[in-house]
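Asks: Given next are the chains, with one letter for each unit.
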Amino acid sequence: MAGVGGWRLPAMVRLTLLWLAVCVACARGLYFHIGETEKRCFIEEIPDETMVIGNYRTQMWDKQKEVFLPSTPGLGMHVEVKDPDGKVVLSRQYGSEGRFTFTSHTPGDHQICLHSNSTRMALFAGGKLRVHLDIQVGEHANNYPEIAAKDKLTELQLRARQLLDQVEQIQKEQDYQRYREERFRLTSESTNQRVLWWSIAQTVILILTGIWQMRHLKSFFEAKKLV
Amino acid sequence: MDGAGPRAASFPLLVLTLLLLLLLRAERSRGAELTFELPDNAKQCFHEEVEQGVKFSLDYQVITGGHYDVDCYVEDPLGNVIYRETKKQYDSFTYRAEVKGVYQFCFSNEFSTFSHKTVYFDFQVGDEPPILPDMGNKVTALTQMESACVTIHEALKTVIDSQTHYRLREAQDRARAEDLNSRVSYWSVGETIALFVVSFSQVLLLKSFFTEKRPTNRAVHS
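Same order as they appear, the protein sequences are chains A and B.
All residue numbers for the first sequence refer to my numbering, where the first residue is 1 and numbers rise by one.
All residue numbers for the second sequence refer to my numbering, where the first residue is 1001 and numbers rise by one.
So that you can see chain A by itself, here it is in the shape it has in the complex (with noise of 0.2 Å):
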């Protein structure tokens, strides 16, 4: 009896090691600093109907410590992502942990910002805080594992589901270069006409201000008897 008690304890005990090395080996890659009120914003220029999953996670600079604390509760990020009309697509509050994820409704520059709305801001005033980030886009967002369980594919089913997602998101990207070369032409075409009929009216206001001139000054010295 007291040999089953004293196998449970240092097994769990190894577990909750183990899961706490999984959990730092989590680490999301890319980090970087921000002070605690600042506003950080990404850029991602997408066709429409794209699926972007965003992941974060914060940790806070412990001033007395001089070190990143592991987790921050009580910490919040908001995030907001704007389309590329400036309409708010997604506007939310997440905790110092979060995932969010949207769809592109129009093809353009989607433009992400987060930031901190801490809660410690009078105790840790100047503090830093890092950010984990990991934004994936498209096809990249699909969890390939997870599709194989669900339905229950093959490898090799598996591996043409993927080839049919990166076709797929060729074609979408074929489709929003072609709307963007469009703008671009409409763009140039227009700069041509400006240029063109300012052109013409500058000349035409040239030669006209230069009659004007000339009558104006010649009926002046025509007044003072000099011509």
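These are calculated hints, taken from the structure and not from any lab test.
Remember, it's a predicted structure, so these values are computed and weren't measured experimentally.
Built from N, CA and C at the ideal position, the CB exists for glycine as well.
Treat the hints loosely; a few may be bogus.
[Stated by the list, open to error] Computed cross-link-like contacts, BS3-like style, restricted to lysine-lysine with a CA-CA straight-line distance of at most 30 Å:
1. B:Lys1157 x A:Lys152
2. A:Lys218 x A:Lys152
3. A:Lys128 x B:Lys1157
4. A:Lys39 x B:Lys1207
5. A:Lys128 x B:Lys1100
6. B:Lys1055 x B:Lys1088
[Unchecked claim] Sample of chain B residues at the chain A side, in silico, Cβ under 10 Å:
7. Leu1156
8. Leu1168
9. Arg1174
Dock chain B against chain A, hints included.
Replies: Same frame as chain A, but now just chain B:
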């Protein structure tokens, strides 16, 4: 029996956790592709942990702003600068990490006083992981179908990368074209106004040369 029960239950769980741990600790590709705005006189740094011997690459390009150039430097965990370029429009940097630790790369716009820049960067660490977690341990050779799939996948990745490259170039050109368009408008209106002002003041100035200011002459004329 009681002793064997919990032991038998916790052992597979332990093995599963170990496998998961190995999976996560294993060299996995981490990629970050971000576009951000760099205000004038500002510097922004990003950090990433890299294992020893792993190759990483950094591609960056300035999309809009000023002369489309930015300063960039990369530091290893010991603080040595392994890459530094000033006023570059785009560049690609690959490096095999000699030291395990946190590598830092920074973009600086401190030389510019009023133009804020939009910078795109793509930071890739390591190779791409296999599509299913347990595939990395395969000892058998790939079938023709599987190797064809792998070839197509690599080719499509190249296509997507090239599309990204063209998208960025197009964004840059389009920004310049729109800038030119608005500049043409403002300058045309400005020049027309300047034309009127100059011609009017020319006439006034000329008239003032010939207008007598002495009161005696004015009496004679009137």
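Asks: Check whether the Cα positions of Lys1157 (chain B) and Lys152 (chain A) lie no farther apart than 30 Å.
Replies: OK: Lys1157 (chain B) and Lys152 (chain A) at ~25 Å, within 30 Å.
Asks: Compare the distance between the alpha carbons of Lys128 (chain A) and Lys1100 (chain B) with 30 Å, and conclude whether the hinted pair is satisfied.
Replies: Given pair Lys128 (chain A), Lys1100 (chain B) holds - Cα atoms ~24 Å apart, limit 30 Å.
Asks: Checking one constraint from the list: CA of Lys128 (chain A) to CA of Lys1157 (chain B), max 30 Å. Satisfied?
Replies: violated, 37 Å
Asks: Compare the distance between the alpha carbons of Lys39 (chain A) and Lys1207 (chain B) with 30 Å, and conclude whether the hinted pair is satisfied.
Replies: violated, 61 Å
Asks: Can we keep the Leu1156 (chain B) interface hint, with Cβ of chain A closer than 10 Å?
Replies: Because about 4 Å separates Leu1156 (chain B) from the closest Cβ in chain A, which is inside the 10 Å limit, the hint holds.
Asks: Per the CB criterion, is Arg1174 (chain B) less than 10 Å away from chain A?
Replies: holds, 5 Å
Asks: For the pair we were handed, Lys1055 (chain B) and Lys1088 (chain B), check the Cα-Cα distance against 30 Å.
Replies: holds, 23 Å
Asks: Under the criterion that the straight-line Cα-Cα distance not exceed 30 Å, is the pair Lys218 (chain A), Lys152 (chain A) satisfied?
Replies: Not OK: Lys218 (chain A) and Lys152 (chain A) at ~95 Å, beyond 30 Å, violated.
Asks: Does Leu1168 (chain B) meet its interface restraint, that is, does its C-beta lie within less than 10 Å of any C-beta in chain A?
Replies: Holds: closest Cβ of chain A sits about 8 Å from Leu1168 (chain B), inside 10 Å.
Checked against the numbered hints given earlier, the structure breaks hints 2, 3, 4 and satisfies all the rest.
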